[in-house]
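Those protein sequence lines, which keep their order, are chains L and U.
Residue 1 is where the first sequence starts when you use my numbering, and the numbers rise one by one after that.
Residue 302 is where the second sequence starts when you use my numbering, and the numbers rise one by one after that.
Keep in mind that the hints are not guaranteed to be accurate.
[Claimed, not checked] A few chain L positions that, by computed beta-carbon distances, are all more than 10 Å from chain U:
#1 19
#2 22
#3 25
#4 37
#5 47
#6 99
#7 155
#8 160
#9 253
#10 257
#11 260
#12 266
[Unchecked claim] With a Cα cut of at most 30 Å, we get these calculated DSS-like pairs of lysine-lysine:
#13 U:392 x L:47
#14 L:47 x U:374
#15 L:204 x L:143
#16 L:263 x U:529
#17 U:336 x L:118
#18 L:263 x U:336
#19 U:529 x U:563
#20 U:484 x L:47
#21 U:336 x L:47
#22 U:374 x U:348
#23 L:128 x U:347
#24 U:348 x U:336
#25 L:47 x U:529
#26 U:468 x L:47
#27 L:263 x U:374
#28 U:336 x L:128
#29 L:77 x U:336
#30 L:263 x U:347
#31 U:468 x U:484
#32 U:348 x L:128
Bear in mind the hints are in silico, worked out from the structure with no lab data behind them.
Here a beta-carbon is modelled for each residue, glycine too, at the ideal position from N, C-alpha and C.
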Amino acid sequence: MNFIDPHIHMTSRTTDDYEAMSKAGIVAIIEPAFWLGQPRTEVGSFKDYFSSIVGWESFRASQFGIKHYCTIGLNSKEANNVGLSEEVMELLPLFALKDNVVAIGEIGYDDQTAAEDKFFRAQIVLAKELNLPILVHTPHRDKKSGTLRSMDVLEEHGINPGMVIIDHNNEETVESVLNRGYWTAFTIYPKTKMGSERMVDIVKKYGPNRIIVDSSADWGVSDPLSVPKTAKLMLEKGISPEVVEKVCYYNALEAYEQSGNMKESDWLDGVKFDQSVLYGGNSVLRGQSPKTSDNADIIEN
Amino acid sequence: MNLKEPITSCCIENIPDQLTADWFIGILSALGSDKDFFISFALVNKKISRGSISIAPDHLDAIKSEIPSFNYKEWSIDQFCRLALMLHLDKVKNYKSINMLLSTADTREQISLYKSIPFLENAQDFLEPVINGIRTNITDTYDSIALNNPYPEIFFGESAWNQMVLKGIFMERPIYQIIGLDKRKNIKLAHILHDYAKERWSASRRVTPELWRLLSGYLTEALFEDIKEMLEKDSDESIAAFSLMIMESDISTAKEWLRNLKLTSVNWSWDQIGYQFWTSNKLTTSN
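Using the sequences and the accompanying hints, generate a full structural model.
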């Protein structure tokens with residue numbers, strides 16, 4: 001079975017992860033712009049970060065046969081530095097139209113401050129202008145009210161819920177998010193977010209419609225194989241393969257395809273970079289899985 | 302250099318629907334600020350097809366009279382439209398705008414920018430950003446500067462040229478596609494590549510047969526003695542390459558050695574050797 005991990009921060013991960021992900025059947029990933037574990041203090045740090053997720057990281061992923069997309073946005077944590085945020089907002093239109101950008105995100109609330117609210121709204125307006133989907137990060141603390149408030153603000157701006165993915169849901173938020181018509185994403189991340197067994201129960205209870213599973217693996221203790229592992233558990237617990245494929249592949253595709261930048265054909269025949277088309281279809285180093293030795297102690301030459 | 306007109310007309314002729322063509326003409330005439338340029342450049346990606354271009358003979362002649370190596374088969378419609386946009390920038394301030402765009406570009410944009418820079422009237426001003434571009438590890442970005450691009454041959458100094466060629470060999474790129482490869486050969490590069498070959502051999506790795514093209518003309522008796530035992534005789538391309546290097550030299554001992562090997566060599570040109578090697582991907586499969 002093929003998988004999409006629609007939320008993973010690959011700039012923090014190693015090539016070991018890429019190899020394991022490829023082996024586990026992950027064919028496409030989305031890397032939402034987020035913070036780096038500590039706040040940035042210069043606008044140039046954002047610029048280089050955005051550059052890397054629209055260029056270098058896609059190239060890195062392509063070497064493992066994985067198609068890489070990203071979302072562009074100012075995250076809610078760093079939105080609290082208002083001066084810097086104003087400068088970052090100037091940068092966003094430069095990056096939001098790039099080739100692999102499939103949404104504005106992840107945006108929303110962290111502490112639900114006035115500054116967070118201001119930049120959340122400004123980015124909703126930008127997404128609307130550019131006709132891009134929106135990826136909403138819901139807060140760790142005071143999650144339920146933060147989630148409801150996010151949806152209220154989106155609706156205030158006349159955003160179609162079908163263009164929005166609300167992420168990091170749990171048992172407390174799932175019903176209202178589904179009922180209001182949003183794509184409802186769950187992050188399988190140890191300790192702080194969802195465990196995979198709880199995910200199984202949610203799919204059993206609510207079915208596969210508009211539900212999306214992701215890993216949000218980043219610089220913390222997290223698992224880039226959360227999606228395939230959860231899929232395996234769902235199958236073991238008797239959920240049908242069609243349902244599993246929907247929540248671990250097709251729903252993410254359908255949600256982000258609306259950007260116009262993500263198509264199944266991008267990866268179905270192997271992941272290629274542009275120049276291969278122009279220079280005769282050669283594929284040296286492209287899409288090859290690095291060879292691994294039988295003897296784990298020998299490093300290949 | 303008047304490339305703006307033929308290239309712009311060619312773009313418009315290649316846009317199939319009138320609505321998009323009108324949109325494109327509109328943005329070309331409204332490039333006021335940097336922001337207009339950045340957004341228009343990005344939007345080309347969404348609005349214009351990535352198909353191949355066709356080009357009227359008179360436009361082709363006009364372009365070739367300025368850029369003799371121009372080959373329309375290497376361009377897609379969206380790339381050509383991006384080139385037209387760059388040609389519409391005021392050349393007094395295009396450096397700042399293009400450089401800013403380079404620093405925020407995705408890979409496809411980088412490729413368009415580097416391919417287009419040689420068409421600018423003030424192409425020379427971009428020497429530093431283009432040399433920086435060669436430092437990339439993204440193969441396609443490297444290719445857009447190094448391969449089939451007239452810029453390096455015209456503007457690169459010797460050390461930047463040598464770095465580019467060495468990096469191409471290191472990244473396993475088809476270096477026969479570098480324009481000016483023979484004209485810009487030099488003894489310093491020949492020595493660097495000799496060292497490179499020895500380093501590869503010490504590590505039990507092969508070298509691309511294209512490397513011998515750059516030693517041709519610089520082979521000495523001492524250099525030949527140093528490499529002859531290691532010359533790889535297991536592929537047609539390798540045999541053709543070192544044979545050609547020796548035949549193009551005036552080292553009689555080397556020619557004698559070659560005769561004694563009694564190898565059946567194919568008579569390929571350097572470009573054919575490069576092409577054969579590249580298409581059969583020998584280096585990758587054997588390493």
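message: For a C-alpha distance cap of 30 Å, please report whether residue 47 of chain L and residue 374 of chain U respect it.
response: It is violated: about 34 Å lies between the C-alpha atoms, which goes past 30 Å.
Distance rule for residue 99 of chain L, whose beta carbon must clear each one in chain U by more than 10 Å:
5 Å, violated
**Report entry** 30 Å limit on alpha-carbon distance, applied to hinted pair residue 336 of chain U and residue 128 of chain L
**Finding:** 19 Å, holds
Given hint residue 47 of chain L paired with residue 336 of chain U - CA-CA distance at most 30 Å
Within the cut-off at roughly 16 Å; holds.
Practice problem: Would you check the hint for residue 263 of chain L and residue 336 of chain U, treating anything up to 30 Å between C-alpha atoms as holding? | Solution: 28 Å, holds
Report task. Measuring Cβ to Cβ, find out whether residue 19 of chain L lies farther than 10 Å from everything in chain U. Result -> 18 Å, holds
Review point. Between residue 128 of chain L and residue 347 of chain U, does the CA-CA distance stay at or below 30 Å?
Key: Judged against 30 Å, a Cα distance of about 16 Å means the pair holds.
Worksheet item: Is it correct that the beta-carbon of residue 260 of chain L has no partner in chain U closer than or equal to 10 Å?
Response: 6 Å, violated
**Study point:** Verdict on residue 37 of chain L as a residue remote from chain U, using beta-carbon distances over 10 Å
**Key:** 23 Å, holds
Do the alpha carbons of residue 263 of chain L and residue 347 of chain U lie within 30 Å of each other, as the hint requires? Distance of about 14 Å is within 30 Å: holds.
### Holds or violated: residue 468 of chain U to residue 484 of chain U, with C-alpha atoms at most 30 Å apart
18 Å, holds
Straight-line alpha-carbon gap residue 348 of chain U to residue 336 of chain U, limit 30 Å = Distance of about 18 Å is within 30 Å: holds.
Hints 5, 6, 11, 14, 16, 20, 25, counting from the list given before, are not met by this structure.
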